[in-house]
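S.K.: The primary structure of each chain is shown beneath.
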Amino acid sequence: MRGEALAVVGASGSGKSTLLGLLAGLDTPSAGAVRLDGADLFGLDEDGRAMLRAKLLGFVFQSFQLLPALNALENVMLPLELKGEAGAADRAAKMLERVGLAERLRHYPKTLSGGEQQRVALARAFVTQPKLLLADEPTGNLDAATGAAVIDLMFELNAQARTTLVLVTHDDAIAGRCGRKIRLVAGRIDGAG
Amino acid sequence: MRRLALRMLLRDWRAGELRVLALALVLAVGSVASVAFFGDRVRQALTREAHQVLGADVLMSADHAWAAEFRDEIARRGLAHAESMTFVSMVRAGNEAQLAAVKAVTPGYPLRGKLRIASGLNIPDAETGAIPERGVLWLDERMMAALKVRPGDTVELGSTHFRVGAVLTLEPDRGVSFMNFAPRLMMRLEDLPATGLVQPGSRIGYQLFAAGGREAVQGFEQWAKSRLGRGERIDSLENARPEVRAGLDRAQNFLGLTAMLAVVLSAVAIALGTRRYTERHLDGYAVMRCLGATQSQLFALFAWEFLLLALAASVAGCVLGFLVQALVAWWLAALIPGTLPPPGPMPVLQGAATGLVLLLGFALPPLLQLKDVPALRVIRRDVGPPRQGALAVYIVGLAAVFGLLFWQAGELRLAGYVFGGFAAAFGIFAAIAYGALRLIGRFGRAGNVSWRYGLANLLRRPRANAVQIVAIAVGLTAILILTLIRVDLLDSWRGRLPPDAPDRFLVNIQPEQRQPLDEFLERAGVKRPQTFPMVRARLTAINGKQVSAEDFSEERAKRQIEREFNLTYLSSLPVDNKIAEGAWFGPDDLARGAISVEYWIAERFGIRRGDTLEFVSDGRSFSAPITSVRKLEWDSMRPNFFFITTPSMLEGFPASYVASFHAPAGDALLTSRLSQAFPNLTVIDVSVVLRQLQFVMDQLIGAVQLVFLFALAAGVLVLYAALLATQDERTHEAAVMRALGASRAQILAAQRAEFAVLGAIAGLLGSFGATAIGWTLATRVFQLDFIWNGWIWLAGPALGLACVVLNAWVGARAALSRPPMAALREAQ
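Line order of the protein sequences matches chains A and X. Here the first sequence is numbered in our numbering, starting from 2 and rising by one per residue. Here the second sequence is numbered in our numbering, starting from -3 and rising by one per residue.
Wrong hints could be hidden among the right ones.
Said to hold, decoys possible - Stretch by stretch, here's where chain X covers chain A in the computed footprint (C-beta under 8 Å, at least three residues):
#1 20 to 34
#2 44 to 53
#3 74 to 81
These are calculated hints, taken from the structure and not from any lab test. What you are looking at is a predicted structure, and each value in this text was computed from that prediction instead of being measured. All residues carry an ideal CB built from backbone N, CA and C; glycine is no exception.
With the sequences and hints as input, model every part of the structure.
M.R.: Spelled out as structure tokens, the structure:
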């Protein structure tokens, strides 16, 4: 459902990241199908999946995955530029302002703290107004306080944009803030709530 | 996409991601362009210089007066024009008389090069743009000495009296033909008719000189060639001055090979730079895939970025190349007389094409490989690009290099040799490096923690480290070739014409004159004259079959078979002769009799080893089998013989002797004294020719050395790129080690151990490579003696150790000066 938040929890190696990779069409399943916004992901070729990602998906990674050669603003501009959309710089700057980094536009990732880097990653994920946001342990590399702040920001942005959120975490407190929760054990759904 | 690519290029540049690659490219293009610029200009200058030995761009000779149509055509094509007539005549002064080689010239002669004259004997000479005034003669110093005259005196030529105007010290177009060995005299052509020397039936040579723009000259040459009649010919550099041509060819080979070396080295630097770039951008690529970029979009993005980079670097490189060569040309102005002709547009094209082809050749394969980077890499770090064989990836790059070599060399065989040589060297280097690392892994496990860790580090990535060793070894090979081997090669080249090379030849020495002549020369301070016996004989039969001029189609063969050859007999092989086939006379040959034949004469007469030759001399015939074929150095200025027999065969025949020696400096009258003491001897003075040849060779060597500098820069760049290739990884490892509690000293010691092994292996390989390439170049390409250099085996490893240790020191400081966390975070 649109705007809904789903938490995927489970121990290390239970298959959380694999599931996320399949949802995004980054990995290919040995059997079965994934339907995204009505389209059969694996009925498409790799470029078809990429275009679908560009249209529908936003990503937040545990290790941020900012491009080291680009500054904060350029990192956020990148998805817009790849889609060839106009006004990339303005939209990216506004987005960075919303995540509280208006003063940090020209900073390179290596000069930003972990929390700041993840906020740039959030800005990059939301700047294209995706229908679905996939987040892979977004606080995994952050200390508790910073992590909480990033999560607050993510839910706030999510609520404003009415984005559907799939959040992989092993933090039950964070999972508890999602509308639904599924638990993976050895690659199978052990319980849902 | 192009605009985004441009933005990405600028962003990468600003972030410092492209500096290594861009530097490699700019230097590569710069060195190729400057070699091309400079080579092009030097080549033009050298060709012009070489044309001085003809006195023109085109020299036409005939045994009768030239028809007016040739003069008209020269004028019609806007070429400069001059003429001369040459003949031999007696000159008188008082009671003295001397046979002189007379040259009567028109104003403007020579069109290329300058005459040099002096106002008296033993007075420094100077260039002149003039020719003798009317009623004036210029005599060379031997002529002055023979006639006992000085400038201002009067001499008689034919039926006219002339004033002696100056001492003629140099005629640039003086070749080595027989008439040129008589003392010389120059006059104005307008004065000739009055002497009455030109009569029907006089033996006179008529020369026509033309010079001008390259195209006009070539056009005229084409035009004239088809209209040459009997007794008329066009002299080119090839047939007029083979010894100058040989030097020029050698210099062009040196220059061309240097440029090729620069291409190969640049290719290695660019390959390393591209690898570093793509490795650093793997993650970015995966992220962009997650952000929804299609593969074709990303390929286009990177391809455009690289294309733009190649263009920018090519422009910068060409500008750099032009500036550098201009600087060098300015600095060289003293060495190369006259102004260098302006460079043509070709070098720019060559530089730009080199940059483009090299970058795309080496960047495209990794880019294509990037397409296979799974986007999943953003979630799982262990998923990398699928590993293909390094060779498969670089096939495009290798093809590009081969194409450039082919372009540079202009012929498939030489390009093939160079490419094959480097490919073989890479393969051998890689195998040895890999094997050595394995060996160290098995036996080198002793020592303290740092040493063990350092070695373990080497062995953890044997393939990557082998690649690095190969790259460093290639850089070192280039540097060693360009320093040590180069000096040896040039010495060997220069050694062909040492300052004490023989410059006088004595012909027709009678057996009873040998002793007094030796004593005369010793008193005159001549060191080590070389003497050969000479027996004149006609070749009458090959393998028992009588031969005559009709048996041969080639004009020169016909002429030679009708004349007598000069044979010599020797028991040991003369210096400068090399056996191309068979073996030099052994004890059996010396007992039975055998003949050794010169290579080209054997080709001309279609004879080979095993054939039996019969000669007739003094009414007696003798025959023997050919046991060897020799190659001679025609530019060595020593007496050379087509046929050499064993002593027993010819000792009974009447012989005269020929001697060569180097005249002591400052003895201008030695030749005259010799002629007076031994009136029957013919004294041939080649000192002027020799001086000219040595001057040309010095210039060539100077030019070649400068072009070497650029290739040297490329070699250093390869080293830099090779060392940089693993720096990221090392920085990260140092951070991890420090996080684990290692002290700075421990990390430095570990890196030193690792680099010491790396540097020593690479250095040894470099010494090996440089020696092998030097040997091949010397013996196969330049036909020079290879001088073994023991220092190279010390210099290679020392250089290898020095540069990796320096790098370790700089790299380690960078790694250690930052908090480990920063390095760790960056490496994630």
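S.K.: Determine for every hint whether it applies to the structure shown.
M.R.: Now for the hints, and whether the structure bears them out:
1. 20 to 34: holds (count 5)
2. 44 to 53: holds (count 5)
3. 74 to 81: holds (count 3)
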